[in-house]
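Whole structure, please, built from the sequences with the hints as guidance.
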Amino acid sequence: MTHSGPELMPETWSTNDPVLSVRNLHKSYQDQHVLRGVEFDIRQGQVKAVLGPSGSGKSTMLRLMALLEPADDGEIRLRGRRIGVREKASGAVALPERELAKERRNIGMVFQKFNLFPHLTACRNVMLGLTSVKGIHHKQAEEQAMAMLQRVGLSHRAGHFPSELSGGQQQRVAIARALVMNPDVLLFDEPTSALDPELVGEVLDVMESLANDGMTMIVVTHEVRFARRVADEVTLFDSGVIVEQATPDEFFDNPQHQRTRKFLSHVH
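Note that the sequence shown covers residues 1 to 268 in UniProt numbering.
It should be emphasised that the hints constitute simulated quantities derived from the structure, not laboratory data.
Heads up, some of the hints might be wrong.
Stated by the list, open to error - Straight line, CA to CA, 20 Å or less: simulated SDA-like cross-link-like pairs of lysine to any residue:
| no. | residue 1 | residue 2 |
| --- | --- | --- |
| 1 | K139 | L120 |
| 2 | K139 | R124 |
| 3 | K102 | L120 |
| 4 | K139 | R157 |
Below is the structure:
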């Protein structure tokens, strides 16, 4: 499911390099310094789970990676190419919205609150990016949308509106909407936290299936069991910095930092 558009494949990039890389990422809101020099890599096919307390900056980090907000400092590279800005001799200049929209195609984002259009059916919600952003013909877009709804187990609900779907079904539609754009990396911002407990499993099952298919994923989550079972690497985020990164076994069984141990004592 990986995208390999030539515009994002400079000769210096290879599949051994990170798909997505951030360096020295900073973000403040008024007097609150939310991100404090975050550095982060994810490689092709890797699943990285990001844990941490609420308000620690996890969602802000994802929003910057998805080019939904500009960073105050630092850089984000996708397949070796810096994104979100145009580099000039005088420094980096933020891209205009039209060019940002093109770059966002390559980074999928699944939000906590689904963000579906209530007046569109499940199929139309999934189709929208194909027709409006990629300019794909309606019939072809519909076929691709239906295939993606089948991928998340919802082809039988394609003609239903969001209000006619459960929360878990709405989130699976949102995943299909992100997947159909064929992104290089898929970002999940606490995708199960708005769901009733009995609906969480159906969304996690879809995400685990994507991971097994080799989708590159960064998952901000409170689902510790999912992180342990599915992730290749687990990260603890706190107060705008990455405290610890390790394999699931190392992270959960032998954490190196006191802050990690304290966090795990509350979630286990």
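Hints and how they fare:
no.: 1; hint: K139 / L120; in the structure: holds (16 Å)
no.: 2; hint: K139 / R124; in the structure: holds (11 Å)
no.: 3; hint: K102 / L120; in the structure: violated (23 Å)
no.: 4; hint: K139 / R157; in the structure: holds (18 Å)
Checked against the numbered hints given earlier, this structure breaks only hint 3.
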